[in-house]
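Student: Sequence:
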Amino acid sequence: MHKLLAFTFLVSLFAFASPARAQTDPRAEARSAAARRAVVQNRLDQFGHRNWIVIADSAYPSQTAAGIETIVTHQSQLQVVREVIDAVGNAKHVRPTVYLDKEIKYVDEQNAAGISDYRSELLTLLAGQNVKALPHEEIIAKLDEAGKTFHVLILKSNMTLPYTSVFIELDCGYWSAEAEASLRKTMNLQAD
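The numbering of the sequence shown is our numbering, which starts it at 41 and goes up by one.
Be aware that one or more of the hints could be misleading.
Pair by pair, the computed Cβ-Cβ distance ranges are [stated by the list, open to error]:
#: 1; residue 1: A152; residue 2: E177; range: 28 to 36 Å
#: 2; residue 1: D157; residue 2: A99; range: 41 to 49 Å
#: 3; residue 1: P101; residue 2: K172; range: 18 to 26 Å
#: 4; residue 1: A152; residue 2: L223; range: 42 to 50 Å
#: 5; residue 1: E149; residue 2: V79; range: 15 to 23 Å
#: 6; residue 1: T110; residue 2: G88; range: 38 to 46 Å
Taking lysine-lysine and the DSS-like style, the derived pairs with C-alpha atoms no more than 25 Å apart in a straight line are [unchecked claim]:
#: 7; residue 1: K145; residue 2: K172
#: 8; residue 1: K132; residue 2: K172
#: 9; residue 1: K188; residue 2: K145
The set of hints was computed from the structure by calculation and includes no laboratory data. Just so you know, even glycine gets a beta-carbon here, dropped at the ideal spot from N, CA and C.
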């Protein structure tokens with residue numbers, strides 16, 4: 041009897057885990073994307089100056105800092121970048137500075153098929169944004185430092201090309217760097 045139950049359990053387990061069952065359910069995928077967008081909007085409402093949102097490739101490592109939250113999206117990276125850029129653009133309290141890995145400019149088709157099309161699509165998507173390119177390790181160091189004090193949201197995509205993560209540092213949307221510099225100058229001039 042026990043052998044029959046064990047056998048039935050194993051057959052059921054394999055049936056539910058089989059590739060035929062693993063087919064993508066468009067409704068489940070849509071619910072998952074909607075849930076992710078809701079989380080992004082919720083975090084964006086909470087986030088402000090010095091918070092980060094990262095749209096990462098699939099090999100991006102899980103980080104251990106307490107302030108870093110990772111969500112595996114199972115979605116196209118460009119789709120997630122578009123959604124996040126749109127959400128940040130609609131927020132009045134923050135504005136983005138986008139960091140790209142400097143290395144991406146030098147990755148060639150021979151080593152990463154599809155990278156040229158990806159670069160072109162990404163640059164089109166980021167047109168009009170404040171985009172900076174830094175070596176990957178410098179961006180990671182900035183992110184690690186921010187994660188010690190501020191929350192970071194990592195949205196891990198299904199991207200399988202190297203150096204394609206998009207790092208978005210949030211800044212105050214209603215107070216510019218120029219306004220801050222002017223304020224500091226005035227304060228220094230009027231110091232007691």
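Student: If a hint holds in the structure, say so; if it doesn't, say that too.
Tutor: Tested hints:
1. A152 with E177: 28 to 36 Å: violated (19 Å)
2. D157 with A99: 41 to 49 Å: At roughly 19 Å between Cβ atoms, A99 and D157 fall outside 41 to 49 Å, so the hint is violated.
3. P101 with K172: 18 to 26 Å: holds (22 Å)
4. A152 with L223: 42 to 50 Å: holds (45 Å)
5. E149 with V79: 15 to 23 Å: This hint is violated: roughly 35 Å between Cβ atoms.
6. T110 with G88: 38 to 46 Å: Check failed, 20 Å falls outside 38 to 46 Å.
7. K145 with K172: holds (12 Å)
8. K132 with K172: holds (22 Å)
9. K188 with K145: With Cα atoms ~30 Å apart, K188 and K145 exceed 25 Å; violated.
Hints 1, 2, 5, 6 and 9, counting from the list given before, are not met by this structure.
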